[in-house]
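Enquirer: As they're listed, the protein sequences go chains P and S.
For the first sequence, our numbering assigns the number 458 to the last residue and increments by one with no breaks.
For the second sequence, our numbering assigns the number 400 to the last residue and increments by one with no breaks.
For the record, the hints were derived by calculation from the structure and aren't laboratory data.
Keep in mind that a hint or two might mislead.
[Claimed, not checked] Below, a list of computed lysine-lysine pairs in the DSSO-like style, where the Cα atoms sit at most 30 Å apart:
1. Lys274/S <-> Lys65/P
2. Lys116/S <-> Lys86/P
3. Lys86/P <-> Lys100/S
4. Lys226/S <-> Lys408/P
5. Lys233/S <-> Lys87/P
6. Lys124/P <-> Lys226/S
7. Lys179/P <-> Lys116/S
8. Lys116/S <-> Lys227/P
9. Lys22/P <-> Lys79/P
[Stated by the list, open to error] Per the computed footprint, the stretches of chain S lying under chain P, defined by three or more beta-carbons under 8 Å from a beta-carbon of chain P, are:
10. 169-183
11. 186-196
The beta-carbon is built from N, C-alpha and C at its ideal position, and this holds for glycine as well.
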Amino acid sequence: MSFSPELAEIRFGCGLSPVIAKPIDPDAVLQGLSGPDDMARRFPIDGFSTLATRAAEVAKLQRRKRNSDNKTEIRDKIKTYRREGKKEGAMWFAQSLQRWIHTEHGFRERLVAFWADHFTAFGKNPILRFATGPYVEEAIRPNISGSFANMLIATTTHPVMLHYLDQGGSIGPDSRAAKRSKKPKGLNENLARELLELHTLGVDGPYGQNDVRQLAELLTGLSFSNKAGFRFRMKFAEPGQETVLGKTYGNDPATLEPILQALRDLAVHPATARHVARKLAVHFVSDTPDPALVRHIAGRFIDTGGDLHAVNQALLEHPSSWGAQLGNVKPPADFIASAARALAPGTDRIATLDPRAIRLLFLGPLTMMGQPWQHPNGPDGWDETDAAWITPQGVSTRLRWALSVPQKLRPDLPDPGSFVTAALGPFAPRSVQAAARFAESRSDAIGLVLAAPAFQRR
Amino acid sequence: MTRKPTRRTFLTRSALIGCCAAASPLLTPLSFAAAPWDTRLVVIILRGGMDGLDVVQPWGAPEFAGLRGKADGPDEGAYDLDGFFFLHPGLAPLIPLWAKGDLGFVHAVATPYRDKRSHFDGQDLLEAGTPSLAGVRDGWLNRMLQSLPGIEGQTAFAIGNGEMKLLDGPAPVADWSPDANLEMTPQAVRLAEMVMQDDPAFHAALSEALMLSGDRRVLNASGPGKMAVPRRKRGQAHLKNAEFAARQLRGDARIASFSINGWDTHNRQDRALKGALTRLSDTIVSLQQRLEGEIWQKTAIVAMTEFGRTVRLNGTGGTDHGTGGAMVLAGGAIRGGRVLGDWPGLDEASLYARRDLMPTSDVRAPAAWIMRAMTGLDRQTLESAVFPGLQMGRDPGLML
Numbered sequence: 001m002s003f004s005p006e007l008a009e010i011r012f013g014c015g016l017s018p019v020i021a022k023p024i025d026p027d028a029v030l031q032g033l034s035g036p037d038d039m040a041r042r043f044p045i046d047g048f049s050t051l052a053t054r055a056a057e058v059a060k061l062q063r064r065k066r067n068s069d070n071k072t073e074i075r076d077k078i079k080t081y082r083r084e085g086k087k088e089g090a091m092w093f094a095q096s097l098q099r100w101i102h103t104e105h106g107f108r109e110r111l112v113a114f115w116a117d118h119f120t121a122f123g124k125n126p127i128l129r130f131a132t133g134p135y136v137e138e139a140i141r142p143n144i145s146g147s148f149a150n151m152l153i154a155t156t157t158h159p160v161m162l163h164y165l166d167q168g169g170s171i172g173p174d175s176r177a178a179k180r181s182k183k184p185k186g187l188n189e190n191l192a193r194e195l196l197e198l199h200t201l202g203v204d205g206p207y208g209q210n211d212v213r214q215l216a217e218l219l220t221g222l223s224f225s226n227k228a229g230f231r232f233r234m235k236f237a238e239p240g241q242e243t244v245l246g247k248t249y250g251n252d253p254a255t256l257e258p259i260l261q262a263l264r265d266l267a268v269h270p271a272t273a274r275h276v277a278r279k280l281a282v283h284f285v286s287d288t289p290d291p292a293l294v295r296h297i298a299g300r301f302i303d304t305g306g307d308l309h310a311v312n313q314a315l316l317e318h319p320s321s322w323g324a325q326l327g328n329v330k331p332p333a334d335f336i337a338s339a340a341r342a343l344a345p346g347t348d349r350i351a352t353l354d355p356r357a358i359r360l361l362f363l364g365p366l367t368m369m370g371q372p373w374q375h376p377n378g379p380d381g382w383d384e385t386d387a388a389w390i391t392p393q394g395v396s397t398r399l400r401w402a403l404s405v406p407q408k409l410r411p412d413l414p415d416p417g418s419f420v421t422a423a424l425g426p427f428a429p430r431s432v433q434a435a436a437r438f439a440e441s442r443s444d445a446i447g448l449v450l451a452a453p454a455f456q457r458r
Numbered sequence: 001m002t003r004k005p006t007r008r009t010f011l012t013r014s015a016l017i018g019c020c021a022a023a024s025p026l027l028t029p030l031s032f033a034a035a036p037w038d039t040r041l042v043v044i045i046l047r048g049g050m051d052g053l054d055v056v057q058p059w060g061a062p063e064f065a066g067l068r069g070k071a072d073g074p075d076e077g078a079y080d081l082d083g084f085f086f087l088h089p090g091l092a093p094l095i096p097l098w099a100k101g102d103l104g105f106v107h108a109v110a111t112p113y114r115d116k117r118s119h120f121d122g123q124d125l126l127e128a129g130t131p132s133l134a135g136v137r138d139g140w141l142n143r144m145l146q147s148l149p150g151i152e153g154q155t156a157f158a159i160g161n162g163e164m165k166l167l168d169g170p171a172p173v174a175d176w177s178p179d180a181n182l183e184m185t186p187q188a189v190r191l192a193e194m195v196m197q198d199d200p201a202f203h204a205a206l207s208e209a210l211m212l213s214g215d216r217r218v219l220n221a222s223g224p225g226k227m228a229v230p231r232r233k234r235g236q237a238h239l240k241n242a243e244f245a246a247r248q249l250r251g252d253a254r255i256a257s258f259s260i261n262g263w264d265t266h267n268r269q270d271r272a273l274k275g276a277l278t279r280l281s282d283t284i285v286s287l288q289q290r291l292e293g294e295i296w297q298k299t300a301i302v303a304m305t306e307f308g309r310t311v312r313l314n315g316t317g318g319t320d321h322g323t324g325g326a327m328v329l330a331g332g333a334i335r336g337g338r339v340l341g342d343w344p345g346l347d348e349a350s351l352y353a354r355r356d357l358m359p360t361s362d363v364r365a366p367a368a369w370i371m372r373a374m375t376g377l378d379r380q381t382l383e384s385a386v387f388p389g390l391q392m393g394r395d396p397g398l399m400l
């Protein structure tokens, strides 16, 4: 039950790398979050505005297509935009992979992934298919050690979230827009419900259907346009006051501020603290975490009003976070990225892969492993239970990936004996050392090391 | 937070079984208790929005020829089903099944989804089986399994690489894609088992993967170090899925579900639809051949889609997203030879939003009646738990 540099890299970082220094104590893990975000600068991912510009162009073309004689030409233009977006999405995957391979502060990448999943959002049409990258870059990444309220506000008002959970078109039943419209339009409860159930209080939290409905009315007006990004549309907003969890919000005429105040209140609610604490402990430590660890994190969350720096510290300082036995199974994306990190290909190797190769080597296999890149099944994100990933198809695909892809990343595959140490450090079981020795080829040896449960767990 | 586990959770259970089988996992096929019922259900999701009007063509409706620009009448090879409806030539291989009463259709059906006509939401709702998507975390076929006792890890299979949300949920379901077949040298298999032997969950999953891979798992031709990158193989996926489904349904499996894609025929539908229909008919014929005899007589195949398409052709010889569509029923257990459903007509006033076939019944109802006949589930459970908000209506007598 104590810190070790290797365990820190495996459990709270991106895995062991043969070329990158490990943190010397829990404080070093935490300090990594305070410095500049080198990886984001070195391997940039665009913001949402690029995508929004493209989406606006396509919308314009689609409108023009309806009354055009030259539909084929317009369709080809739309296809070109879609192809561009698809290429861009693959390149953004490569950038995240580079960050995992090269970072000295793996905890940052892990927290980004954790919160991106907590606040799951993705594009529901072909043009916005890869909108999650920009969303995470803007709403999640800058906020992982700030206040939880800031992250909640950033995600709730981001165009990708407003699009994903149908908030952008949610209209108060007595709003100006509803009165003018001939078509039936109205309230959409999707974001309000997930905000309470998933993002803040948790499904067992102290709220009822009436709170969902009231919050949905309060949230009306949160919207966006492709040109301007986030917009508060007063004419969508339900006039009057709403009561959520017993507190009354709202102005007449409606403004943005009461919505933000409701989010701030939800962000520091004790149920939110417990919900987030439990999720952190489950994600980083175990499917069945020590209740004392969850209490410790939740307590810090409550005491600091949701200061995530303090919450991260609470997670790292508790002895139950450092159980010596590797537990949680890495989800497919983390498995692949940590394998690439252990192989330590040069920066250029990944940078020179074209989108087709990225799809072949990574995105396709991820889908077959059950984790299509940034597209979980629903707003509740990826399953945290180990059993969700250790399926016949999952294990088979991981094994095949491990046996086939490393040689594409490192044509000069490392010596199997030293790779066992590089990838597993002190966690290398004798059976893996033996398998590396008896394999029929170097690529089989490397694959067996990566397929070993000792590598797949953390 | 207590979140419901997904269908993948069945491994926790099979992990325990795996422990006992670990002595010789390659030689010991894991055996599962049979489900408490004997009929087989295959649910095929036709993704992209199948144009029901072109598949089961209402030549008896005077407006049809004009709407579809077919002044010369039915295409060559279209088969007169009942004097009113004609079958698209692409389904011609299924005519013998129609003649035997092993093929039927339900026309003018839809999910409760209206107006937005998005594939994403339409498919989600079709698989959720609910009136709206708010707060839904599981699929209707999984909820049926949740309502029944005696469900084992391999009672139901979600097949293929795509997500099958209708089987998502806490009831145990097996997931497998024939593309996931392990093809390894015997030595690599032995070593993989060695590195996993001390981890029961991994070891059990590997043993099952080897078993599900069938006879092809040992790769001799290309030799060690020549493993191909795992990828979804193009073409013939539907036949591989059908073959795998049939193999499982001949054993203890009772439910299999997979998708057939390619129905989004916005352009040149005359060409585009043919390919998709060929895949559908090949799939059904393959299932029939592989389940031949006793099992086929107990099998019901239900093929459903997220929505139908516009009644009129668009400017590029295709059709756009619509509302009412058709579902396909096949199998020896089906009382076929009929086009069911309440036909709404194609005159302007009878259309939905003046553009789509008016849905006159809920696509969930036939599925509910089939499940009722298969498993004896009561109507109350079907209308509240499996398909909340559904009114099953009168028994259409879909099953023999």
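Enquirer: Decide, hint by hint, whether the structure agrees.
Expert: Hints, verified against the model:
{"no.": "1", "hint": "Lys274/S <-> Lys65/P", "in the structure": "26 Å, holds"}
{"no.": "2", "hint": "Lys116/S <-> Lys86/P", "in the structure": "25 Å, holds"}
{"no.": "3", "hint": "Lys86/P <-> Lys100/S", "in the structure": "47 Å, violated"}
{"no.": "4", "hint": "Lys226/S <-> Lys408/P", "in the structure": "12 Å, holds"}
{"no.": "5", "hint": "Lys233/S <-> Lys87/P", "in the structure": "21 Å, holds"}
{"no.": "6", "hint": "Lys124/P <-> Lys226/S", "in the structure": "38 Å, violated"}
{"no.": "7", "hint": "Lys179/P <-> Lys116/S", "in the structure": "21 Å, holds"}
{"no.": "8", "hint": "Lys116/S <-> Lys227/P", "in the structure": "23 Å, holds"}
{"no.": "9", "hint": "Lys22/P <-> Lys79/P", "in the structure": "46 Å, violated"}
{"no.": "10", "hint": "169-183", "in the structure": "holds (count 8)"}
{"no.": "11", "hint": "186-196", "in the structure": "holds (count 7)"}
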